[in-house]
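Visitor: Listed below are the residues making up each chain.
Protein chains: 2
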Amino acid sequence: MRAWSTELREYAGRDVALAGWLHHWRRLGQIGFLILRDGRGLAQVVVEDPEVCARIDGLKRESVLRVRGEVHLSARAPGGVELHAPTIEILVAPPAVPPLDLSRPHLAAAPALVLDHAPVALRHPRRRAPFEIASASMAGFRAALRARGFVEIQTPKVVGTATESGASVFSVDYFGRPAFLAQSPQFYKQIMVGVFERVFEVGPVFRAEPHDTPRHLNEYVSMDAEFGFIDDHTTVMALLAEVVRGMVTAVATEAPDAVARLGVRLPAVPPSIPAIHFTRALEIAEPRAGQSGAEMSDLTPQHERGLGEWARETHGSDFLFVVGFPMSKRPFYTHPDPRRPGYSNSFDLLFRGTELVTGGQRLHLYEDYMSALGRRNLSPAPLAGYLEAFRHGMPPHGGFAIGLERWVAGLVGAANVREVTLFPRDQQRLAP
Amino acid sequence: MRAWSTELREYAGRDVALAGWLHHWRRLGQIGFLILRDGRGLAQVVVEDPEVCARIDGLKRESVLRVRGEVHLSARAPGGVELHAPTIEILVAPPAVPPLDLSRPHLAAAPALVLDHAPVALRHPRRRAPFEIASASMAGFRAALRARGFVEIQTPKVVGTATESGASVFSVDYFGRPAFLAQSPQFYKQIMVGVFERVFEVGPVFRAEPHDTPRHLNEYVSMDAEFGFIDDHTTVMALLAEVVRGMVTAVATEAPDAVARLGVRLPAVPPSIPAIHFTRALEIAEPRAGQSGAEMSDLTPQHERGLGEWARETHGSDFLFVVGFPMSKRPFYTHPDPRRPGYSNSFDLLFRGTELVTGGQRLHLYEDYMSALGRRNLSPAPLAGYLEAFRHGMPPHGGFAIGLERWVAGLVGAANVREVTLFPRDQQRLAP
Chain A
452 MRAWSTELRE
462 YAGRDVALAG
472 WLHHWRRLGQ
482 IGFLILRDGR
492 GLAQVVVEDP
502 EVCARIDGLK
512 RESVLRVRGE
522 VHLSARAPGG
532 VELHAPTIEI
542 LVAPPAVPPL
552 DLSRPHLAAA
562 PALVLDHAPV
572 ALRHPRRRAP
582 FEIASASMAG
592 FRAALRARGF
602 VEIQTPKVVG
612 TATESGASVF
622 SVDYFGRPAF
632 LAQSPQFYKQ
642 IMVGVFERVF
652 EVGPVFRAEP
662 HDTPRHLNEY
672 VSMDAEFGFI
682 DDHTTVMALL
692 AEVVRGMVTA
702 VATEAPDAVA
712 RLGVRLPAVP
722 PSIPAIHFTR
732 ALEIAEPRAG
742 QSGAEMSDLT
752 PQHERGLGEW
762 ARETHGSDFL
772 FVVGFPMSKR
782 PFYTHPDPRR
792 PGYSNSFDLL
802 FRGTELVTGG
812 QRLHLYEDYM
822 SALGRRNLSP
832 APLAGYLEAF
842 RHGMPPHGGF
852 AIGLERWVAG
862 LVGAANVREV
872 TLFPRDQQRL
882 AP
Chain B
452 MRAWSTELRE
462 YAGRDVALAG
472 WLHHWRRLGQ
482 IGFLILRDGR
492 GLAQVVVEDP
502 EVCARIDGLK
512 RESVLRVRGE
522 VHLSARAPGG
532 VELHAPTIEI
542 LVAPPAVPPL
552 DLSRPHLAAA
562 PALVLDHAPV
572 ALRHPRRRAP
582 FEIASASMAG
592 FRAALRARGF
602 VEIQTPKVVG
612 TATESGASVF
622 SVDYFGRPAF
632 LAQSPQFYKQ
642 IMVGVFERVF
652 EVGPVFRAEP
662 HDTPRHLNEY
672 VSMDAEFGFI
682 DDHTTVMALL
692 AEVVRGMVTA
702 VATEAPDAVA
712 RLGVRLPAVP
722 PSIPAIHFTR
732 ALEIAEPRAG
742 QSGAEMSDLT
752 PQHERGLGEW
762 ARETHGSDFL
772 FVVGFPMSKR
782 PFYTHPDPRR
792 PGYSNSFDLL
802 FRGTELVTGG
812 QRLHLYEDYM
822 SALGRRNLSP
832 APLAGYLEAF
842 RHGMPPHGGF
852 AIGLERWVAG
862 LVGAANVREV
872 TLFPRDQQRL
882 AP
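Quick note, the sequences are listed as chains A and B, same order. Take 452 as the starting number for the first sequence in this note's numbering and just add one per residue. Take 452 as the starting number for the second sequence in this note's numbering and just add one per residue.
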């Protein structure tokens, strides 16, 4: 029976079998210290037998091993526990040494090199930790929504119509017909509110914008929810706060090793996340961002950073809702603020000074859709399927989309979203 | 506080508020019977007030309503409970009547028409039930794997290299460079075995085959798992059996209404799923399928049906493993059977006579990959990232991929996989 490296303490005084990769090997005179890495952590193996030492001397890093030995508690060992008197079985002796030194506390290599060698670089304990956090986050997202009666859906990624105005799309040759990669599941999740009232989806979205920033990718994972019978966007914001709380809890309980390894400071989600109107956000942000101009209709990254500082200083909060973005900057399906023409019932949720979530109330009346499309000179024809849902009764509804990679980047303090994406896609990068 | 239609019994004798869609309305003299549909089920509302009756007379189907009334137990009511003395608030009065009669027990319309009007047709209680089952199945898949230490991953769908030999790919214009839609997460999930040992992914896959069958789609949802330190394919089969068991349990416990509505007979997953070698499968299937020819190197759908009957008659099992497919029909990464050259350590799992899962042990030695590519005249250059994982130590590993839509089709007895796909994609269909 095999044990995980992270469970070794439970086996103190007993024999145990580990399996994993030769992470590091150093000789100190007659004694050798082998660090074995498995899918969860590291274990120190103390080798005193000269024959075993000699065998390990001949192995390359990343050799795949099975190691059996006695578990000893030891104050000097990393984690306070180590394996003694091992027998070692070599499962795989790889042909080459890794292009990166995985045994250093931090990967000392240029970011591009790390991405080029992702299949190996991701084995580094710090490098893989964000993906343990991502896995826990997705589980927390789904658990929070399932507990509230949401149904998980899977909607097509090859579509006949672009979904988000403004954002450019990737073209697909679909049996000789033009098609696109879905920029979001927006239309489908709204349609499905007519079916299940409450739906969510976790899946890839594709944006063909030729941006080259630390916070944009051309393919990313969107965690979407949409639900009906809301009062307005505030119902959506209340749900989102609960979902984010569930995600933080899941990260704390399901990825504690990764949290500890990276020294992640998990955010507190206040009972009521502070919320300010877009116009107020500009007043706060512009002096801080050194920007002015009352005519701004959107927030810049500088604004967001300033607002993040303000939320921390004024409310002690890592989160800040900005509500009521100008209609002109939101997609056609956005519900206007009935009391404040020109502004919308939509919001962004900033997390530590970066936009993490976009959401809001959507239009739900067929006639409102027809007017909105008309005002924007958009043809209803390509949207026939979408509009059919509204033609046959849709309740007031809304939802949100959380960017998984941005969430993880904010948690672990990654400067670039590529650090928390397994195999990022950008203008330059299509492999590995 | 709003109640779900499915919870009405719990409110017997009390006032309750429901919300949903006007599913059906009929007058019997002075009394009217309104069937309200919400995201979960149906509720009967008895209307005796002539003014309320008159208001409902003027409403179209699929009007969105809030209904408050007294909950009465009644043997004559569907489900034994109904709402009396209702007050009705009309939230949305839609502009048109639905193109399909959603109130019939079965949707009486041609399959193509139902798909054309999916945004409305999916509201039908029988039509939406398979997606409640799909949602529960995904939850069961993930729960079974998370309980066994698997990490959820999200891998790119836009890729630089085709993954599955034989299957054709969709092309994407990626900033002027050629790219493809991923036919499977195969390469990435194998790479990630080097990182976490145990990984899974639920996501879309894309196949450009121009097939037109009841069991193929050009985009579908693949539930993938892959893990290391296995003995051989039998370790994979044992895990798969546990995962399928977890999925059945999740469907039973999390989608009982849908199971009841469709009269789904849930399969028993036997403690040991019967398994036969490919050569034996041909012997069994060929007489039944009326096909012969000992030179067969794959199973046809007729074979699979015959084997399904055989498994049921001989073993009382809905499931059957066919093991050891010829190497010539399996992808280059397939591990051969060391004791039987020409055959592989791979398997299919048949469910009720249809291939549901493909899986097996993979090659794990770098030199074996180089030989396998050489034998198939495949260039290693486009696979550089994938091969890098093997160049630096990969344990014996394997995995499987379950087709979500086929699973649900098998459960509910759908003749065509399109019936259990929200918005299917085939050669003809790119919308809605």
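Think of the hints as simulated: they come from the structure by calculation, not from any bench. A virtual CB, placed ideally from N, CA and C, is assigned to each residue, including glycine. There's no promise every hint is true.
Listed next, the stretches of chain B that the computed footprint assigns to chain A, with coverage defined by at least 3 CB atoms under 8 Å from CB atoms of chain A [what the hints assert, rightly or not]: (1) 568-580; (2) 601-613; (3) 625-632; (4) 640-647; (5) 769-775; (6) 811-817; (7) 845-855.
Partial list, computed: chain A residues near chain B (C-beta under 8 Å) [unchecked claim]: (8) His475; (9) Cys504; (10) Arg506; (11) Gly509; (12) Ser779; (13) Lys780; (14) Asn828.
Visitor: So which of those numbered hints doesn't the model satisfy?
Guide: Structure breaks hints 5, 8, 9, 10, 11, 12, 13, 14.
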